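A.B. asks: Respectively, the protein sequence lines represent chains R and S. Going by our numbering, the letters in the first sequence line up with residues 1 to 580, in that order. Going by our numbering, the letters in the second sequence line up with residues 1 to 580, in that order.
Simulated from the structure, these hints should not be mistaken for lab results. In this text the structure is predicted, and so the values were computed from the model without any measurement. Possibly wrong hints are sitting among the right ones.
As the list makes no split between identical chains, a pair holds if one copy fits it or if it spans any two.
Claimed, not checked - Derived DSSO-like pairs (lysine-lysine); straight-line CA-CA distance at most 30 angstroms:
| id | residue 1 | residue 2 |
| --- | --- | --- |
| 1 | Lys284 | Lys263 |
| 2 | Lys71 | Lys544 |
| 3 | Lys220 | Lys194 |
| 4 | Lys370 | Lys499 |
| 5 | Lys363 | Lys515 |
| 6 | Lys370 | Lys131 |
| 7 | Lys48 | Lys496 |
| 8 | Lys470 | Lys496 |
| 9 | Lys278 | Lys71 |
| 10 | Lys345 | Lys128 |
| 11 | Lys128 | Lys448 |
| 12 | Lys470 | Lys515 |
| 13 | Lys370 | Lys470 |
| 14 | Lys499 | Lys544 |
| 15 | Lys496 | Lys361 |
| 16 | Lys499 | Lys219 |
| 17 | Lys201 | Lys515 |
| 18 | Lys220 | Lys515 |
| 19 | Lys470 | Lys499 |
2 protein chains.
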Amino acid sequence: MGNQLALTHYLATFIEGLVRAGVEDVVISPGSRSTPIAILMEEHPTIKTWMNIDERSAAFFALGIAKASRKPVALLCTSGTAAANYFPAIVEATHSRVPLIVLTADRPHELRDVGAPQAINQIELYGKYSKWFVEMALPESTTNILHYAYSVATRAVSTSLSSPAGVVHLNFPLREPLLPNLEELQWNLIGIEKAVYSHAKQSLPEELVPLIQEIQDKKKGIIICGPHDQEAFPDAVVSLAEVLGYPVIADPLSQVRSGTHSKECIIDCYDTILKSTKMFQAMKPEVIIRFGAMPVSKLLMQFISQSDVSHQFIIDQDEGWRDPTFTGTHFVHMNEIDFCHQVSKMVEAVPQARESEYLNKWKVANEVVKPILRSKLTDFHFEGDVVRHLVNLLDEDMSLFIGNSMPIRDIDTFFFAQDRRIRLFANRGANGIDGIISTALGISTRVKRVILLVGDLTFYHDLNGLLASKMHSLPITVVLVNNNGGGIFSFLPQAKEEKNFEQLFGTPVDLDYEKVVSMYDGQFSRVSSWGEFEEAVSISFNSKQLSVIEVPTTDRSQNVLLHRQLWDQAVQQLDGLQEI
Amino acid sequence: MGNQLALTHYLATFIEGLVRAGVEDVVISPGSRSTPIAILMEEHPTIKTWMNIDERSAAFFALGIAKASRKPVALLCTSGTAAANYFPAIVEATHSRVPLIVLTADRPHELRDVGAPQAINQIELYGKYSKWFVEMALPESTTNILHYAYSVATRAVSTSLSSPAGVVHLNFPLREPLLPNLEELQWNLIGIEKAVYSHAKQSLPEELVPLIQEIQDKKKGIIICGPHDQEAFPDAVVSLAEVLGYPVIADPLSQVRSGTHSKECIIDCYDTILKSTKMFQAMKPEVIIRFGAMPVSKLLMQFISQSDVSHQFIIDQDEGWRDPTFTGTHFVHMNEIDFCHQVSKMVEAVPQARESEYLNKWKVANEVVKPILRSKLTDFHFEGDVVRHLVNLLDEDMSLFIGNSMPIRDIDTFFFAQDRRIRLFANRGANGIDGIISTALGISTRVKRVILLVGDLTFYHDLNGLLASKMHSLPITVVLVNNNGGGIFSFLPQAKEEKNFEQLFGTPVDLDYEKVVSMYDGQFSRVSSWGEFEEAVSISFNSKQLSVIEVPTTDRSQNVLLHRQLWDQAVQQLDGLQEI
């Protein structure tokens, strides 16, 4: 009975620490060893618990909540392989810098490595993928140990958020009996008010000042915005671009393509523009200022690589080293928004004409290309059309989650700058095709409406994730581009060799997803025209459940041809331009 | 072009090394970075490739093939989170000592940790869960490097098999272009014939000889066989038991309960017998000889723990330390079969009467209990009946794969010793509810017919695994015990507290699995009587596809009551026995 009281006080104090440090959501998977933590989480007056049975999906679901809320989310599972199922989402969270706090229940020391059932070695289970690992003390209710539990909780939250944000893993050895004593439950036995962690404000490093003055005179400068998610960033970077007279090459995940900020300098067709060898050569900049992760466009990466610039500033608050082209000249570890504001002020202080022939060339090229990328095609097999039609239907403040492989590339090409605020999400830390449905559903817990644009293999990979929509009544619109296999491989060199192609890369699975969607109480529509598509998407927005709209674009080769046809047309126009 | 040739020769030599060292099967998941390895695997004249899109299922599928064939199986995936999805099966393979060779494609060094897409840190990705990790050299075709590639391949196979068997991880950095040159393909450029690895024969340690002589005189000895899978083991251990006059307490996964060997000394109802406090006290042994992993029965573990024996020999060829009760007195790291043979010979050399009152008491108790456990119940909600009816239907040489949680416990209670050879499988390394369908399907590639007995949450967890049945035309009979949630929790203390119980432990998911089974081209029967059950199971044996037979036993509490009713009846009988 003493043990049960110690268990209760220790874990309640720990949970209260998490909550006071800012944790609002916990995703729980069922298990026996984790019983007391699960029950106490459920009992806590403010914490929101989400049951998610498949731990792989559970972890991606937590990732989604954390992405949308920009707050750390806790995960709880039992001992054994349950914890190993978190690994894919943990890798993604690390690379996309999303804060997660992983709580694993474990057998106590005397049951480890002695052949006891369901006991695996959970010490440092995720290796370099957890920023901080703590093997927790056994439950005790001395004041000192309660302070310890509270302190580890608040420190875990702070560490998960500290730069770069990522994953903290706390492993709890627990002995039987595993039931807390709810009658003696108190949340704040040790009477601490709140854990506060503060991060320093950042100002421009002094050595950059002369450099910034130098680049003001260089007219051939570009700003590149890769995947990034800070609310005030688009305004800040657009202001900087305007005072410098630089174009903003904006990846769709930079959040800069949509919103109410000025679009004057935004170039959104660069991937197509750079397909013209003439443009690729003619537009080489002298200066690059780069924010965020590497953009989706492989051509843009090659462009950076071959640009031979005198200055390439890579701004990264999280002290990363995002420079796969090895052409970075200045790594600036500073908050991106602060950088934009401070540099803008410096530049504005020196009044001068901001007209730039170079910027105008980019704008002209962008305007030449866009109508071509928008031109109508009659063939329903064209996957680019899914994006072109879908984007028009989106309402202000909706969120678009984009699957990897083809969807993100089609968004890159066909999602143009526009004024509605649409938040774009994707799992671009490791670009996996795993856990996408769960991540999108996690996001849906915090935003107005999520539309998930996804290919069929990615959809298949996380079918289990759909259960969360049913169990927690989370509505979502899934646009399923079904080309019955791995569409991206048709764009790669192996597509030329027919032998083994379908077996190893095309991998058609021939699944009628209507059946599984129905199992999860979802609405399913398989559309055969863009009119039907638009209707189904619009209807889904008013639905309170899962809606899956399948666009069957089964001819993968034809899809490649149609993409190339549009691009070729654009390149032809660009190559004929007199102005460049 | 030179690069392409080097790539081709290097990888072909590596693959040939795997094959010559004994690898017959490779499970491949689609990806771009892994393209050249995948194509060459596919081209190899003898290797059997299995496409499996979800890497988590793929790894469990490979685990299944390796379990059934007792040979190492290779896995191949691309870079990124794909590799992280292997982790649950890798943990299981490590703890259940199954050889797997994990091949991960990776970005080359210059694209690592610089923000390049889909590049994660794959060095030592699985931490302590790979026995050997190799960061492979970049492809070259010098004689020395080809010898290196061949050598690593053969060594990987040998290491995966060496004691204890487990997981080897080889990480391949690969540069573009990623296509091999099939015109220049040669498998054995370096002309090595075969890699041979041999393990020493083992003989009884000398210091055991006087001990064995000593225990011959002790009449209260038992042999405990936990989960174990060596073909000749049942015969060997039964012979040992007979010369010693000891009962064999045989876990179902010891493979000792079924087959043509003598069943004279086999006790299969020990879990029920030990529920009688009288028996628990009366039957305490002086000597225990233990083989295999810890048995499923928790009561048996407590019995060992409280036995206070003078000698407890724990025989483990793989040099483990399986002693969660801390009562082991002699850890014998020696092949189990050799141990049985050599000790049997020593004991036989000293002729004496082998009658044992103690053994007879075990037999009497076993005979008292068995008819009760076999007695008919009229309630269809009793999950024990699934086992009782299923076992009767099994033909010689069929394989039974048993899910964790309740199925393995019901098998422990209701699967009695019998003469048909039925091989029993389960994932008891870490006892997870993940990957069970995939493991069973992997096994089905090598054996006559697999019957998978599984609960609904376990079935849900690996629904994706069903795709392998459809893609590779693998027939399997799935007996799905659907109590709509986590049945085992109703046996645990938290079942007494109704508050939060269904939310955290019962976790009903209300899924109509008929739909998803139909998506995977499976036959689905929901039965409502044992007659229907028997018919559906029999029909499935002749089917060439997936057959799922659902037994809806939705009343979890009633199921607990019926179990307890039978056990109470047995205990009452045992307590009344005069002989003990």
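A.B. asks: When Cα atoms must be at most 30 angstroms apart, do Lys220 and Lys194 count as within-copy, between-copy, both, or neither?
C.D. replies: neither (51 angstroms within a copy, 62 angstroms between copies)
A.B. asks: State whether the alpha carbon distance between Lys201 and Lys515 is at most 30 angstroms within one copy, between copies, both, or neither.
C.D. replies: neither (53 angstroms within a copy, 56 angstroms between copies)
A.B. asks: Quick one: Lys499 to Lys544, C-alpha cut-off 30 angstroms, is that within a copy, between copies, both, or neither?
C.D. replies: The answer is between: 28 angstroms across copies meets 30 angstroms, while 46 angstroms in one copy does not.
A.B. asks: Treating 30 angstroms as the Cα threshold, decide for Lys470 and Lys496: within, between, both or neither.
C.D. replies: between (43 angstroms within a copy, 28 angstroms between copies)
A.B. asks: Within a copy, between copies, both or neither: where do Lys370 and Lys499 come within 30 angstroms Cα-Cα?
C.D. replies: So Lys370 and Lys499 fail the 30 angstroms test inside a copy (37 angstroms) and across (59 angstroms) alike.
A.B. asks: Please work out whether the CA atoms of Lys496 and Lys361 approach to 30 angstroms or closer within one copy, between two copies, in both situations, or in neither?
C.D. replies: neither (36 angstroms within a copy, 74 angstroms between copies)
A.B. asks: Checking Lys345 and Lys128: alpha-carbon separation at most 30 angstroms within a copy, between copies, both or neither?
C.D. replies: Neither way: Lys345 and Lys128 sit 40 angstroms apart in one copy and 52 angstroms across, limit 30 angstroms.
A.B. asks: Can you give me the call for Lys128 and Lys448, within, between, both or neither, at a CA distance of at most 30 angstroms?
C.D. replies: The answer is neither: 35 angstroms in one copy and 43 angstroms across copies each exceed 30 angstroms.
A.B. asks: Please sort Lys278 with Lys71 into within, between, both or neither, judging by C-alpha distance up to 30 angstroms.
C.D. replies: Neither: 46 angstroms inside a copy, 57 angstroms across copies.
A.B. asks: From the Cα coordinates, with 30 angstroms as the cut-off, is the pair Lys370 and Lys470 best called within, between, both, or neither?
C.D. replies: Neither: 40 angstroms inside a chain and 44 angstroms across chains, both beyond 30 angstroms.
A.B. asks: Pop the pair Lys363 and Lys515 into one bin, within, between, both or neither, using alpha-carbon distances up to 30 angstroms.
C.D. replies: neither (48 angstroms within a copy, 52 angstroms between copies)
A.B. asks: When no copy is named, should Lys499 and Lys219 be tagged within, between, both, or neither for a Cα gap of at most 30 angstroms?
C.D. replies: neither (51 angstroms within a copy, 69 angstroms between copies)
Comparing the model with each earlier hint shows violations of hints 3, 4, 5, 6, 9, 10, 11, 13, 15, 16, 17, 18; every other hint is respected.
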